[in-house]
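S.K.: Taken in sequence, the protein lines are chains R and V.
Numbering of the first sequence is given in this note's numbering, commencing with residue 1 and proceeding in unit increments.
Numbering of the second sequence is given in this note's numbering, commencing with residue 132 and proceeding in unit increments.
It cannot be assumed that every hint is accurate.
[As the list claims (entries may be wrong)] The calculated label-pair distances, taken between Cβ atoms and stated as ranges, are:
| hint | chain 1 | residue 1 | chain 2 | residue 2 | range |
| --- | --- | --- | --- | --- | --- |
| 1 | R | Glu24 | V | Phe465 | 55 to 65 angstroms |
| 2 | R | Val48 | V | Phe446 | 33 to 43 angstroms |
| 3 | R | Arg27 | V | Ser439 | 50 to 60 angstroms |
| 4 | R | Ser63 | V | Pro430 | 45 to 55 angstroms |
| 5 | R | Ser19 | V | Asn205 | 43 to 53 angstroms |
| 6 | V | Lys338 | R | Gln46 | 23 to 33 angstroms |
Derived from the structure by calculation, the hints contain no laboratory data.
A virtual CB, placed ideally from N, CA and C, is assigned to each residue, including glycine.
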Amino acid sequence: MDINSRPVVVKRMPERLNSRTAREFFRDVQAFLHADRPQLVLDLSQVVQLDAAGVEMLLRCMSEAHKRDGDVKLASLSDQSAVVLELTRTERLFEIYETSTDAARSFSGFLPNAMRQQLLHNKRPAAPVAA
Amino acid sequence: MDIRGLLLVNSGNTREEDLSFLASGPLGAVEVAGKTPLERMAERLQQFGILPAAAVVETAAFPARPGISTSGLNYVAAQPDRFWRAAENAFNEMVQNGAELVVLVRLGAYAEIDFEHLVQFHLDRGSRVSQVSHQGENLDIFCISASRRNDAASLFRSQLSRCRSECPLMEHAGYVNHLSSARDLRQFAIDILTHQTQTCPAGEAIKPGVWVERTAIVEKGARILAPAFVGALARVRTGAVITRCSSVEHHAQVDCGSVVENSSVLPYCYVGAGLDLAHSVAGMRQVANLRRDVTVEIPDPKLIDLISATSGKKFLTSAAELLTYLPRVAWGGFTGSKQPQPDLNAALRKTSPALGNTAGYEAPACDTEAAHKFPNMVVARRYGHQ
Numbered sequence: 001m002d003i004n005s006r007p008v009v010v011k012r013m014p015e016r017l018n019s020r021t022a023r024e025f026f027r028d029v030q031a032f033l034h035a036d037r038p039q040l041v042l043d044l045s046q047v048v049q050l051d052a053a054g055v056e057m058l059l060r061c062m063s064e065a066h067k068r069d070g071d072v073k074l075a076s077l078s079d080q081s082a083v084v085l086e087l088t089r090t091e092r093l094f095e096i097y098e099t100s101t102d103a104a105r106s107f108s109g110f111l112p113n114a115m116r117q118q119l120l121h122n123k124r125p126a127a128p129v130a131a
Numbered sequence: 132m133d134i135r136g137l138l139l140v141n142s143g144n145t146r147e148e149d150l151s152f153l154a155s156g157p158l159g160a161v162e163v164a165g166k167t168p169l170e171r172m173a174e175r176l177q178q179f180g181i182l183p184a185a186a187v188v189e190t191a192a193f194p195a196r197p198g199i200s201t202s203g204l205n206y207v208a209a210q211p212d213r214f215w216r217a218a219e220n221a222f223n224e225m226v227q228n229g230a231e232l233v234v235l236v237r238l239g240a241y242a243e244i245d246f247e248h249l250v251q252f253h254l255d256r257g258s259r260v261s262q263v264s265h266q267g268e269n270l271d272i273f274c275i276s277a278s279r280r281n282d283a284a285s286l287f288r289s290q291l292s293r294c295r296s297e298c299p300l301m302e303h304a305g306y307v308n309h310l311s312s313a314r315d316l317r318q319f320a321i322d323i324l325t326h327q328t329q330t331c332p333a334g335e336a337i338k339p340g341v342w343v344e345r346t347a348i349v350e351k352g353a354r355i356l357a358p359a360f361v362g363a364l365a366r367v368r369t370g371a372v373i374t375r376c377s378s379v380e381h382h383a384q385v386d387c388g389s390v391v392e393n394s395s396v397l398p399y400c401y402v403g404a405g406l407d408l409a410h411s412v413a414g415m416r417q418v419a420n421l422r423r424d425v426t427v428e429i430p431d432p433k434l435i436d437l438i439s440a441t442s443g444k445k446f447l448t449s450a451a452e453l454l455t456y457l458p459r460v461a462w463g464g465f466t467g468s469k470q471p472q473p474d475l476n477a478a479l480r481k482t483s484p485a486l487g488n489t490a491g492y493e494a495p496a497c498d499t500e501a502a503h504k505f506p507n508m509v510v511a512r513r514y515g516h517q
C-alpha cells in the first residue's frame, strides 16, 4: 500500500463563517472529503466570526471524513472560534493543534506501526559510503 | 451634624476592551447579584446614617428598571462631556440645602469603607478634604467640608485627580474591588455569593447559598446549585444548570439544557439552548472569557442574544403566544400527541439544538463514563466536583 498517496490537505477558513460562507466553504472542501480516507486540517487562525452554521459545517466535514475512514483536525484557533467551540461543547469532538504543521504531522503519528516503519524506512537517507 | 453622600458613576477608569460591555452603562451601574455597586454603596451610606444620597450617573438610560428599589437615591443623569459639571452642581445643591460634610464616592472601585471612621478622621485633622487610600493606592472616596466650595470645585474640575489644599489620606484595610474589567465584575459576584463582602445578594435565600428573586422563573427540571443567584424576572428553563457562584441577572434567560458555570449572565442576556458557558461574563451579545482573557462578539442570536427591554415588543410576543395557545392545545388534543417531558440527562448530553442535526454527533455536557455508572446523577462535569 502506498502511504504517500494520501495527502494531508490544509485549508484556511474564511474570516466570517456564517451560513452562506459555510456553505461555500463546504462546497470547496467536498472534493477532498469524498476521497478515500481524507485527511483534512482546517486552519481557523483568520476566523473572526463563527456562528452556529459555521460550527455545523465543521461537524459536517468531520462526519463526511469519518464516513470514509478519514479525519478532520483543527489548527491555530482564533480567540473567537475557540470561545464559540467551547460554548457549543464541540471543541472536545475535534483534535486541536497549535499550528497547521503540527496537525498535519499528527496524521502520520496515528498510522499503524507497520506502516509507520515503512514510512520511516522510505524517508531514511542513504547510508554514507565507507571510505 | 448634617452629612450627605454624593455618588458618581462614570466609565473613566474602565479598561478600553471592556467598554463594549457597557453599552447600557458603566460597570458601577451594572447589576451584580441583584443590585448595582451604586445601590450597594448607597445602602452602605444609609447604614452609617449618611442621608440623603444623590447619584450622578453618566448615561441617560439609568436607572432603567421601574419597580425595583433604588435605595432612596436621587439620580441625576449626565452626558459624558457634562458629567463633572453636573457633579459640581449636585455638590453645590447639597451645600445650599444645609449639608456640613459631603462624603463623595466615585464608582470606580467598590470599597466597604467605615464611613464613621472616615468622618472622625476628617474632623480630627480639621482638613478641608480627606481621601481614602488602600494599600498605597488612592481611592476616589473623599470627605469634603461643605464650607470649602473652592476646594470642592478644584477637585471636580480636575476630575478628582488634584486637591487644592493638603489632603490627608485615611488607610482602608477592608474589602476593595476596583470594578475596572469584566474579571473584576465576575470576582465581585463571587465575593458577594461567598460572603467575602458585607453586602449580600438581593432576593430570597431559598436554600443555603441559593438566592432567587421572587419574580424569577425557575422551570421544573432546572438545577441551581449553591452558591448561585437568579435575578428578578430572569428565566432558567428546564434542564439548565446554574452552578459555581454563577449569577443570572434580571430579565436574563438561560435556555434548556445550558450549563452556566462560574459565570455572570448580565441583565437582558439570552443564553441559547444546550450551551456551556463557563468562566465567562455574557451580555450585550458578547462573551468575555476569563480563562482566555478575551472578549468576543457572538453575532448569532441562537447562541447569545440581547432580550428586548421594551415592553411593546414583549407584549406582542406574549400576545402571539396567548392567541396561538388554544389552537395548539386543541390540535394536540385532536392528534393525541402530548408534550413529552424532556429528560434532563438526555438534554445535558445532546448537542446544542442551535447546531442542527448534523451527523448525529453528540457533545455531552457530562462525562459519559461517569453518567453511565451513576444514571441518577444529574450532571457530572468534566472538571466539576458536584
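S.K.: The structure should be examined with respect to each hint, and the outcome stated for every one.
M.R.: Each hint, compared with the structure:
1. Glu24/R with Phe465/V: 55 to 65 angstroms: violated, 44 angstroms
2. Val48/R with Phe446/V: 33 to 43 angstroms: holds, 37 angstroms
3. Arg27/R with Ser439/V: 50 to 60 angstroms: violated, 36 angstroms
4. Ser63/R with Pro430/V: 45 to 55 angstroms: violated, 25 angstroms
5. Ser19/R with Asn205/V: 43 to 53 angstroms: About 50 angstroms separates the Cβ atoms of Ser19/R and Asn205/V, which means 43 to 53 angstroms holds.
6. Lys338/V with Gln46/R: 23 to 33 angstroms: violated, 48 angstroms
In summary, the numbered hints that this structure violates are 1, 3, 4, 6.
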